[in-house]
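Heads up: the sequence lines are chains Y and Z, in that order. Anchor point for the first sequence: position 349 equals 354 in my numbering, and the numbering is continuous, going up by one each time. Anchor point for the second sequence: position 337 equals 342 in my numbering, and the numbering is continuous, going up by one each time.
In short, the hints are calculated from the structure, not lab data. Treat the hints loosely; a few may be bogus.
Computed, partial: chain Y to chain Z, Cβ under 7 Å [unchecked claim]: (1) ILE253; (2) LYS269; (3) HIS271.
Glycine included, every Cβ here is placed at the ideal spot set by N, Cα and C.
Number of protein chains: 2
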Amino acid sequence: LALKGSNYAGLLERHRIHTKNVEHVVESLQNEKIEVRLVKRREYNEETVRWADAVISAGGDGTMLLAASKIFDKFKPVIGVNTDPERSEGHLCLPVRYTHSFPEALQKLYRGEFRWQWRQRIRLYLEGTGINPAPVDLHEQQLSQEQHSRAHINERLQDQRSDISGPHLLPVRALNEVFIGESLSSRYAVCSVLFRENFKSCKPSFKFSLHRASYYEISVDDGPWEKQKSSGLNVCTGTGSKAWSYNINKVAHQAVEEILKIAKKHGSLNMPLNTELVQKVTNDYNESLLYSPEEPKMFFSIREPIVNRVFSSSRQRGFSSKVCVRSRCWDACMVVDGGTSFEFNDGAIASIMIDTEDALCTVLLEE
Amino acid sequence: LALKGSNYAGLLERHRIHTKNVEHVVESLQNEKIEVRLVKRREYNEETVRWADAVISAGGDGTMLLAASKIFDKFKPVIGVNTDPERSEGHLCLPVRYTHSFPEALQKLYRGEFRWQWRQRIRLYLEGTGINPAPVDLHEQQLSQEQHSRAHINERLQDQRSDISGPHLLPVRALNEVFIGESLSSRYAVCSVLFRENFKSCKPSFKFSLHRASYYEISVDDGPWEKQKSSGLNVCTGTGSKAWSYNINKVAHQAVEEILKIAKKHGSLNMPLNTELVQKVTNDYNESLLYSPEEPKMFFSIREPIVNRVFSSSRQRGFSSKVCVRSRCWDACMVVDGGTSFEFNDGAIASIMIDTEDALCTVLLEE
């Protein structure tokens, strides 16, 4: 890591802070005579979840997502503790002050000074030709992109997919989002077209790994199918509306200012264009992108849509109760909460929706 | 490819169309008694460029970028022919009608019915500790991301970088853009922090390959340094303002409509909010993102900036004559026109600017 130019000492320091905070949580629980099993992410499995009355994730949002990914019981609460408050945001975790005073959180739970928060999750159905409903758990495999793509291909060759018709309910639920996009090995296929060489000798172009375009068709709420070309498609929950989806869609103060200036130029603004107004409009717009984790609806975003003489794009984002996607991709993945990946190539159709049966049980402490 | 679900017949058809169009160009030139060397991208090298009075790229924009990447002579014109007009946009190529009537284009050149278009290009200086000014040519190497990262590391181990201080002028010029972001193997390092395991056993998280956050500091036009966390940084030329940069920054009709609605709600709109106004504002805003390839200025965009309790972000995009970036990345790359990559890790500082000496000579046919 040092060779790579990374700050090894800094890394180690973050690791120590994390370890200290984990110990605090474990001790607080044991002081309350609560039986505790401390498991590392690789040891965290269905058996552990069955055994536990509640799961506490110690880390950041990534750790919380991993913890949630194994919980299918609507009544098995999961609680997140942010073990690096200075460096991690931790939307999914308890307020940071409880990191250092976890006993206080426990007391509130005992005294019932909290309410259950049922975070809605997304379920996926996969159908079509050449699909493979077998997930690749990206948490559990140390794969290069190359290997990752091979992993998919091997499974594909092993399983008897020929007559899979579907729809198949996939064995995962998304707490944050489902992302559909070309996986990185796709550049091989793309280049074989772009550079017109015989396919065997075709070269990769890094451009398509950093900015690979995805081709697919989308139907929102059973509406008409639309061809799309973009940097991928993000479908999120209320929980995920604060995460990647927010960064994809939020507008900058600067952009709003320019837009209002243009509107003013067209003589359609009567107010003086002051910073206060721009800030209010920016905040209102960006807040409109957020919604409650408990609302059983999804928000989809087409990321960096490519609109030109060849491709057009109409509705680029919005709330929806059902999104269907037909893949026109070379070597695409459907990735759930950044943790589980399904191949999603030409011929495959995904139906993305929310079923309240899938909600995740979390707690909101009263302040 | 068929196994992957790709349309092999379709691919082959595009290949045939391309081949036919290339032959048309070559024959048109030979009919004019012009000596022609037809080279595939792997055979295209400095010697060929030296030999030629002019370079004609036959393909799409990707092929044109590759052709330009080897031309450092300000007076060696390069002309792009779009060999798949139905499927490729070809911003950098001649108007599509010349694909099938190339002799007409030649006649215009003979009759002087054109003007030279000097497309400005970006140059890069690299300095700091642990930098490696040796490029990795991604066109010429068939690498998986894994191998790609190793390729960098090997060079790093081979060369004597210890006392490299810089600034080093890098041996490339960007016609479209320079992109700085975490390369894909970065997820190993990122996860070692996120999941707090001992570094050896740390697992990848696909999230960071699809949506890897990049940490860096940026200074625009010698202004103050600002910490940033985002999905990368794009610095483009006027030529590149029509490419990736445009897709990153353009606003949707839908977003403008919502923004103006909010402004109206705040009582600052007197005009009725009709589609025509929204369309006008949207077009004006998006057109303001485009500028002439000949203008010696750059446009920078922070991609999906992450703003939260831990990170803040002020100016997210704008024109600039000089952008300096200090890497705080684990395993980042600086990628030029998607074709050439330089490692860009913690300790490295890049200075990004335009020198009119680097302009690329192209032609604009009179219509």
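Against the structure, the hints:
1. ILE253: holds, 6 Å
2. LYS269: violated, 9 Å
3. HIS271: The hint holds - HIS271/Y has a Cβ within 7 Å of chain Z, the shortest such distance being about 6 Å.
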